[in-house]
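Asks: These protein sequence lines are chains A and B, in that order.
Residues in the first sequence are numbered consecutively from 125, following the numbering used here.
Residues in the second sequence are numbered consecutively from 125, following the numbering used here.
Just so you know, these hints were derived from the structure itself, not from any lab.
Predicted, not measured: the structure shown is a model, and the values here were computed from it.
There could be a bad hint or two in this list.
Which copy is meant is left open, so a pair is good if it fits within one copy or across any two.
Stated by the list, open to error - Computed cross-link-like contacts, SDA-like style, restricted to lysine to any residue with a CA-CA straight-line distance of at most 25 Å: (1) 292 x 245; (2) 210 x 161; (3) 137 x 314; (4) 292 x 226; (5) 137 x 315; (6) 280 x 231; (7) 292 x 138; (8) 155 x 251; (9) 228 x 303; (10) 210 x 291; (11) 280 x 218; (12) 207 x 322; (13) 207 x 321; (14) 292 x 193; (15) 137 x 249; (16) 210 x 272; (17) 280 x 225; (18) 210 x 247; (19) 137 x 251; (20) 155 x 260; (21) 292 x 255; (22) 228 x 181; (23) 137 x 303; (24) 155 x 170; (25) 330 x 245; (26) 137 x 307; (27) 137 x 166.
Protein chains: 2
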Amino acid sequence: MENSRQISELVIKRLPRYYRFLGELLRTGIKRISSRELAARMGLTASQIRQDFNCFGGFGQQGYGYNVAQLHEEIGHILGLDKKQKAILIGVGNLGRAISNHVKFEQLGFQLIGIFDRNEALNGEIIRNIPVRNTSVMDEFCRENLPAVAILCIPKESALPIAEQLIKLGVRGFWNFSHADIAVSHPEVSVENVHFHDSLMTLRYKIND
Amino acid sequence: MENSRQISELVIKRLPRYYRFLGELLRTGIKRISSRELAARMGLTASQIRQDFNCFGGFGQQGYGYNVAQLHEEIGHILGLDKKQKAILIGVGNLGRAISNHVKFEQLGFQLIGIFDRNEALNGEIIRNIPVRNTSVMDEFCRENLPAVAILCIPKESALPIAEQLIKLGVRGFWNFSHADIAVSHPEVSVENVHFHDSLMTLRYKIND
Numbered sequence: 125m126e127n128s129r130q131i132s133e134l135v136i137k138r139l140p141r142y143y144r145f146l147g148e149l150l151r152t153g154i155k156r157i158s159s160r161e162l163a164a165r166m167g168l169t170a171s172q173i174r175q176d177f178n179c180f181g182g183f184g185q186q187g188y189g190y191n192v193a194q195l196h197e198e199i200g201h202i203l204g205l206d207k208k209q210k211a212i213l214i215g216v217g218n219l220g221r222a223i224s225n226h227v228k229f230e231q232l233g234f235q236l237i238g239i240f241d242r243n244e245a246l247n248g249e250i251i252r253n254i255p256v257r258n259t260s261v262m263d264e265f266c267r268e269n270l271p272a273v274a275i276l277c278i279p280k281e282s283a284l285p286i287a288e289q290l291i292k293l294g295v296r297g298f299w300n301f302s303h304a305d306i307a308v309s310h311p312e313v314s315v316e317n318v319h320f321h322d323s324l325m326t327l328r329y330k331i332n333d
Numbered sequence: 125m126e127n128s129r130q131i132s133e134l135v136i137k138r139l140p141r142y143y144r145f146l147g148e149l150l151r152t153g154i155k156r157i158s159s160r161e162l163a164a165r166m167g168l169t170a171s172q173i174r175q176d177f178n179c180f181g182g183f184g185q186q187g188y189g190y191n192v193a194q195l196h197e198e199i200g201h202i203l204g205l206d207k208k209q210k211a212i213l214i215g216v217g218n219l220g221r222a223i224s225n226h227v228k229f230e231q232l233g234f235q236l237i238g239i240f241d242r243n244e245a246l247n248g249e250i251i252r253n254i255p256v257r258n259t260s261v262m263d264e265f266c267r268e269n270l271p272a273v274a275i276l277c278i279p280k281e282s283a284l285p286i287a288e289q290l291i292k293l294g295v296r297g298f299w300n301f302s303h304a305d306i307a308v309s310h311p312e313v314s315v316e317n318v319h320f321h322d323s324l325m326t327l328r329y330k331i332n333d
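For reference, chain A alone in the conformation it holds in the complex (with noise of 0.2 Å):
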């Protein structure tokens, strides 16, 4: 179970897609699944099921099908879901604060601890019980609360330097709604991207006719 470190990127991609479904069927009170009836749900083959998990030793039980709750809770705890992290989310648009606003960080492994943006006009506005801070103390409220990753809710122009201030300051992971390729220029951090322009290109590119 702890040797999880070589899995493929693809397998790793599909964990919070089974943790997500697991959580909807203890929520409709399931206790048990088979592979094949986990897999008609998700669209997925029962094989490629079995085949995923043990990546990760297994989770057993066939004959019997899955403990949901167990399963759940393994995942969860593969993902680091029950180890909270400190984020921080600079850029207060309408984007920042949907994200703020609606994201259920302490159920995905995060501590949303501070808000930044660079217009003063913002300074002190009360977002998820976090006052709005001006984007120039932000060096100084990294140091004392050591955050591990920043959410970046930027212009593609501010977000490589902000970036960059910030992995000097031991950030160690992005979550990127901005079109900049941190991960590029930045191998030695962890890069997840929301690139919104890629995605509805790539819908564009699957209508086509």
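Mind docking chain B on chain A? Use the hints.
Replies: Here is chain B on its own, set in the frame of chain A:
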């Protein structure tokens, strides 16, 4: 160039990124680039780039490098960006507002023609020159205007019923920001998901230590 239907999902996912990078090169005045140089800028290998481009017939000129403008245009054409498809957006919360206001639909092969919300207090508000309409008139609007794509910025609970309503009205693609898995129950339509929570959990896994 036309036989692009059998291309793997992974290559397709990289096309928007190529398009984005080539656009940036164009804007900085770079006219010609070798696969080696392009690879270095994108964090890929030259052979991967050549392999990807071969899926679409090559784009040739190896010794001399690629013509940036021509390659940008051809990839745009493969993606379908030169032929606009009509899109509507449903759900005018912070996220819906951010998407409506900031996404460059016209450059990405779409024309945003309608915005809907079930909250009557928002009726008539103008966003991006489009009046917000009540979801109660969505049927009528779709029968008249035939949007190909719907952008779902609504909670998970409403996403599936709304998607089903829209599929009956001829919508065949979804840009899905809700955490509902539309593609599982409706394999006949194209779905591009932006699942924030899955993305954040993936980041949590990556920064495990």
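Asks: If a hint holds in the structure, say so; if it does not, say that too.
Replies: We went through each hint and held it up to the structure:
1. 292 x 245: Neither. Shortest intra-copy (27 Å) and inter-copy (46 Å) distances fail the 25 Å Cα cut-off.
2. 210 x 161: For residue 210 and residue 161, the Cα distance exceeds 25 Å both inside one copy (37 Å) and across copies (37 Å).
3. 137 x 314: Answer is both: 14 Å inside a copy and 20 Å across each meet the 25 Å cutoff.
4. 292 x 226: neither (29 Å within a copy, 30 Å between copies)
5. 137 x 315: For residue 137 and residue 315, the Cα distance is within 25 Å both inside one copy (13 Å) and across copies (17 Å).
6. 280 x 231: Between. Shortest inter-copy distance 17 Å satisfies the 25 Å Cα cut-off; intra-copy 29 Å does not.
7. 292 x 138: Result: close neither inside a copy nor across copies, 31 Å intra and 30 Å inter.
8. 155 x 251: neither (37 Å within a copy, 46 Å between copies)
9. 228 x 303: Result: close both inside a copy and across copies, 23 Å intra and 12 Å inter.
10. 210 x 291: within (14 Å within a copy, 41 Å between copies)
11. 280 x 218: both (16 Å within a copy, 20 Å between copies)
12. 207 x 322: between (32 Å within a copy, 17 Å between copies)
13. 207 x 321: between (32 Å within a copy, 16 Å between copies)
14. 292 x 193: neither (40 Å within a copy, 37 Å between copies)
15. 137 x 249: neither (35 Å within a copy, 39 Å between copies)
16. 210 x 272: within (6 Å within a copy, 41 Å between copies)
17. 280 x 225: both (22 Å within a copy, 16 Å between copies)
18. 210 x 247: Classified as within; 21 Å inside a copy, 39 Å across copies.
19. 137 x 251: neither (30 Å within a copy, 35 Å between copies)
20. 155 x 260: neither (51 Å within a copy, 39 Å between copies)
21. 292 x 255: within (24 Å within a copy, 45 Å between copies)
22. 228 x 181: neither (29 Å within a copy, 45 Å between copies)
23. 137 x 303: both (20 Å within a copy, 15 Å between copies)
24. 155 x 170: within (18 Å within a copy, 49 Å between copies)
25. 330 x 245: neither (42 Å within a copy, 35 Å between copies)
26. 137 x 307: Result: close both inside a copy and across copies, 17 Å intra and 17 Å inter.
27. 137 x 166: both (14 Å within a copy, 21 Å between copies)
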